[in-house]
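These protein sequences, in sequence, are chains A and B.
Under the UniProt record's numbering, think of the first position of the first sequence as 1, with each following residue one higher.
Under the UniProt record's numbering, think of the first position of the second sequence as 1, with each following residue one higher.
If you're looking for bench data, these hints aren't it; they were derived computationally from the structure.
The reader is advised that the hints may include incorrect statements.
If chains are identical, the list can't say which one is meant, so a pair holds when it fits in one copy or spans any two.
[Unchecked claim] Pairs of lysine to any residue, SDA-like flavour, derived with a Cα cap of 20 Å: (1) K14 / H119; (2) K278 / S129; (3) K278 / G161; (4) K14 / S187; (5) K14 / L184; (6) K14 / G186; (7) K14 / F104; (8) K9 / T58; (9) K278 / Y35; (10) K278 / A213; (11) K293 / Q33; (12) K278 / D36; (13) K8 / H66; (14) K84 / E11; (15) K293 / R65; (16) K270 / Q33.
Everything numeric in this text was worked out from a predicted model, so none of it was measured.
Number of protein chains: 2
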Amino acid sequence: MGAISTDKKPEFRKDPLTGRWVIIAPGRSQRPQDYDTAVRRVRSGPCPFCEGNESETTPEVLARRHPNSEPNGPGWRVRVVSNKYPAVCSGMPAADSTFAASCFPGLGIHDVIVDTPRHVASLTDMAISEVTELLDVFRERLAQLSNEPYLEYALIFKNVGPTAGASLEHSHSQLLAIPMVPPLFGSELEAARRWSEREGQCYYCQLLSQEQAGGDRIVLRHSGFTAFCPFVSRFAYEIWIFPDTHAERFEAMTPGSLSSLAETIQSVLKAIETRLGKPGYNVLLHTAPFRKKTPYFHWRIEILPSVSRAAGFEWGTGIHINPVFPEEAAQTLRGS
Amino acid sequence: MGAISTDKKPEFRKDPLTGRWVIIAPGRSQRPQDYDTAVRRVRSGPCPFCEGNESETTPEVLARRHPNSEPNGPGWRVRVVSNKYPAVCSGMPAADSTFAASCFPGLGIHDVIVDTPRHVASLTDMAISEVTELLDVFRERLAQLSNEPYLEYALIFKNVGPTAGASLEHSHSQLLAIPMVPPLFGSELEAARRWSEREGQCYYCQLLSQEQAGGDRIVLRHSGFTAFCPFVSRFAYEIWIFPDTHAERFEAMTPGSLSSLAETIQSVLKAIETRLGKPGYNVLLHTAPFRKKTPYFHWRIEILPSVSRAAGFEWGTGIHINPVFPEEAAQTLRGS
Numbered sequence: 001m002g003a004i005s006t007d008k009k010p011e012f013r014k015d016p017l018t019g020r021w022v023i024i025a026p027g028r029s030q031r032p033q034d035y036d037t038a039v040r041r042v043r044s045g046p047c048p049f050c051e052g053n054e055s056e057t058t059p060e061v062l063a064r065r066h067p068n069s070e071p072n073g074p075g076w077r078v079r080v081v082s083n084k085y086p087a088v089c090s091g092m093p094a095a096d097s098t099f100a101a102s103c104f105p106g107l108g109i110h111d112v113i114v115d116t117p118r119h120v121a122s123l124t125d126m127a128i129s130e131v132t133e134l135l136d137v138f139r140e141r142l143a144q145l146s147n148e149p150y151l152e153y154a155l156i157f158k159n160v161g162p163t164a165g166a167s168l169e170h171s172h173s174q175l176l177a178i179p180m181v182p183p184l185f186g187s188e189l190e191a192a193r194r195w196s197e198r199e200g201q202c203y204y205c206q207l208l209s210q211e212q213a214g215g216d217r218i219v220l221r222h223s224g225f226t227a228f229c230p231f232v233s234r235f236a237y238e239i240w241i242f243p244d245t246h247a248e249r250f251e252a253m254t255p256g257s258l259s260s261l262a263e264t265i266q267s268v269l270k271a272i273e274t275r276l277g278k279p280g281y282n283v284l285l286h287t288a289p290f291r292k293k294t295p296y297f298h299w300r301i302e303i304l305p306s307v308s309r310a311a312g313f314e315w316g317t318g319i320h321i322n323p324v325f326p327e328e329a330a331q332t333l334r335g336s
Numbered sequence: 001m002g003a004i005s006t007d008k009k010p011e012f013r014k015d016p017l018t019g020r021w022v023i024i025a026p027g028r029s030q031r032p033q034d035y036d037t038a039v040r041r042v043r044s045g046p047c048p049f050c051e052g053n054e055s056e057t058t059p060e061v062l063a064r065r066h067p068n069s070e071p072n073g074p075g076w077r078v079r080v081v082s083n084k085y086p087a088v089c090s091g092m093p094a095a096d097s098t099f100a101a102s103c104f105p106g107l108g109i110h111d112v113i114v115d116t117p118r119h120v121a122s123l124t125d126m127a128i129s130e131v132t133e134l135l136d137v138f139r140e141r142l143a144q145l146s147n148e149p150y151l152e153y154a155l156i157f158k159n160v161g162p163t164a165g166a167s168l169e170h171s172h173s174q175l176l177a178i179p180m181v182p183p184l185f186g187s188e189l190e191a192a193r194r195w196s197e198r199e200g201q202c203y204y205c206q207l208l209s210q211e212q213a214g215g216d217r218i219v220l221r222h223s224g225f226t227a228f229c230p231f232v233s234r235f236a237y238e239i240w241i242f243p244d245t246h247a248e249r250f251e252a253m254t255p256g257s258l259s260s261l262a263e264t265i266q267s268v269l270k271a272i273e274t275r276l277g278k279p280g281y282n283v284l285l286h287t288a289p290f291r292k293k294t295p296y297f298h299w300r301i302e303i304l305p306s307v308s309r310a311a312g313f314e315w316g317t318g319i320h321i322n323p324v325f326p327e328e329a330a331q332t333l334r335g336s
């Protein structure tokens, strides 16, 4: 039994923007296993996200519905509700709150966005028109929340499958808006600002044209969007999707480009499902903060399959060990 | 069905040293579950870590054995071998390598330390004398590797149970030594240096006396060691263990204090197993870097139970959502 399955040796790689390191270590994926980590479905009761079960959730805060339907009843296509088990709670901050203290109330908005009234597990089970409308709801809800003076930042994300942290199977997304820019994102923005000052162009535009020119990490290109496995991938088969044209905010997208994005996302997810055997995954939508002017930022989507996972070394050092070279990951996902 | 199980509201908390934020959100733990994530043991072949199966591993690089036993055969108590599926590989760096480039070979040392010849799953199944000897092997191996001129840093860690990233059940530890100080740790060290310059004392000593005086986050105190749930816990039931007396390096510990530490660790792990139903967990041993002078650092052990897990929001923002207030976690772990 050989120690390393490929002829490639481990490699340290550093993200030139953030300074973040990863170790790409192809031998790690060959480890023997004492455990069967396959999960079983156990739900027996009604799914709170299925059409007809609207009373199982909190009242809707936004929905796309058929003209004759009533709020909080059937007849919707996408439905946004407050998370019943929230990480943050809405409410007005006290007049003297500064958010500079080391401890303050967990104010913010934690939405659940039910992607579809049908009980499907994946965006790939939906029509392109449905995914496009879902993206448009993301856009509308972000635009709405950006008017809340105390909110600074929002992340829209999906946890798909229990290995990715999902507790419910029915396809859904989450939006978490908070009164601060997360320090990690703040550092990235600051690095991007310095880069664009120094280089005279957007870091992400430069990255994108390098990836497009090189080609070995490209997963697919479609109608104004590029999906690739980043050189400094933290996770096996990690994929980033960028709009080819520089744009700071996802919320500023036009209806036409939303449907191209829907097609791109579906193609990438189909590649993951087909080539990797339907793993769980997280999807992250990184858009600019609500109030800060960040023309040097370029919005993106990250997809993080739960094939490898963080353990002691990652938690202890912040350096991820990724068992799959991004170049090989992209090749696998291209099916070539 | 109420949204929040306790009367406590979510709270943002910031680590005063590192600036890292967490959200403590007690309502999150009440979520319904579509999935049974219980794992099953599947191994049928011989365990590579059991006594008698030494040929299943790479040759030992260090072992504590009975005087008449032969290397790589039975008769050992603790055994250190090179990881067969390494994240980094030993070898001499090229003469011109700088480790400042954005990509370099994954050089370093990745050991597996087999805690005991017997097939047990936990340090709590071992005698105190055995755990003490294991800690002494940690000490000896760190001291050995600190003499390798190209290595700057090592983390010793344990992944226990599949939810914590372990692939094998037999109790074992890992040591990963690399040619750089991880940036995350570098930032912590720099913050600790500035703190001690400004305040005239070690940050961690100050933290420790505050926790000891307050008491509500203390899990236990034993013979020169204090275990508590940090104010800014990333994970539910996270526990940090510090030596009460300032010490930069774990490797400098005396034999007497090693056995007190062994007792402390076992008591903390017994509390986790008894009160939380034997979850998986990671153990991290943070000691000073090999070559950098860091008198302002205070070594510690972190124990991270896999009760809550990182998902989309954590990966997207670096802000952890922890469903259990550390004050309640400590109370639960104390059994009071």
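Hint check results:
Neither within a single protomer nor between protomers do K14 and H119 lie at most 20 Å apart by alpha-carbon distance, with minima of 41 Å and 39 Å respectively. Taking identical chains as interchangeable, the C-alpha atoms of K278 and S129 are never at most 20 Å apart, the minima being 23 Å within one chain and 46 Å between chains. Taking CA atoms no more than 20 Å apart as the test, K278 paired with G161 passes inside one copy only; the shortest distance there is 9 Å, against 23 Å between copies. In this assembly of identical chains, the alpha carbons of K14 and S187 lie at most 20 Å apart whether taken from the same copy (15 Å) or from different copies (16 Å).
Both within a single protomer and between protomers do K14 and L184 lie at most 20 Å apart by alpha-carbon distance, with minima of 16 Å and 13 Å respectively. In this homomeric assembly, K14 and G186 come within 20 Å of each other (Cα to Cα) both inside a single copy, at 19 Å, and across copies, at 15 Å. Taking identical chains as interchangeable, the C-alpha atoms of K14 and F104 lie at most 20 Å apart only when they sit on different chains, with a minimum of 9 Å there against 35 Å within one chain. Proximity of K9 to T58 under the C-alpha cut-off of 20 Å is restricted to the inter-copy arrangement: shortest distance 18 Å between copies versus 52 Å within a copy.
Proximity of K278 and Y35 under a CA criterion of 20 Å is satisfied in both settings, with 19 Å inside one chain copy and 16 Å between copies. Within a single copy, K278 and A213 get their C-alpha atoms no closer than 30 Å, and across copies no closer than 51 Å, so neither meets the 20 Å cut-off. Taking CA atoms no more than 20 Å apart as the test, K293 paired with Q33 passes in neither setting, with 49 Å inside one copy and 40 Å between copies. Both within a single protomer and between protomers do K278 and D36 lie at most 20 Å apart by alpha-carbon distance, with minima of 16 Å and 17 Å respectively.
Taking CA atoms no more than 20 Å apart as the test, K8 paired with H66 passes in neither setting, with 55 Å inside one copy and 39 Å between copies. For the identical chains of this complex, K84 and E11 are inter-copy neighbours only, at 17 Å across copies versus 44 Å inside a copy, given an alpha-carbon limit of 20 Å. Proximity of K293 to R65 under the C-alpha cut-off of 20 Å is found in neither arrangement, the shortest distances being 34 Å within a copy and 64 Å between copies. Neither within a single protomer nor between protomers do K270 and Q33 lie at most 20 Å apart by alpha-carbon distance, with minima of 28 Å and 26 Å respectively.
Going through the hint list in order, the structure does not satisfy hints 1, 2, 10, 11, 13, 15 and 16.
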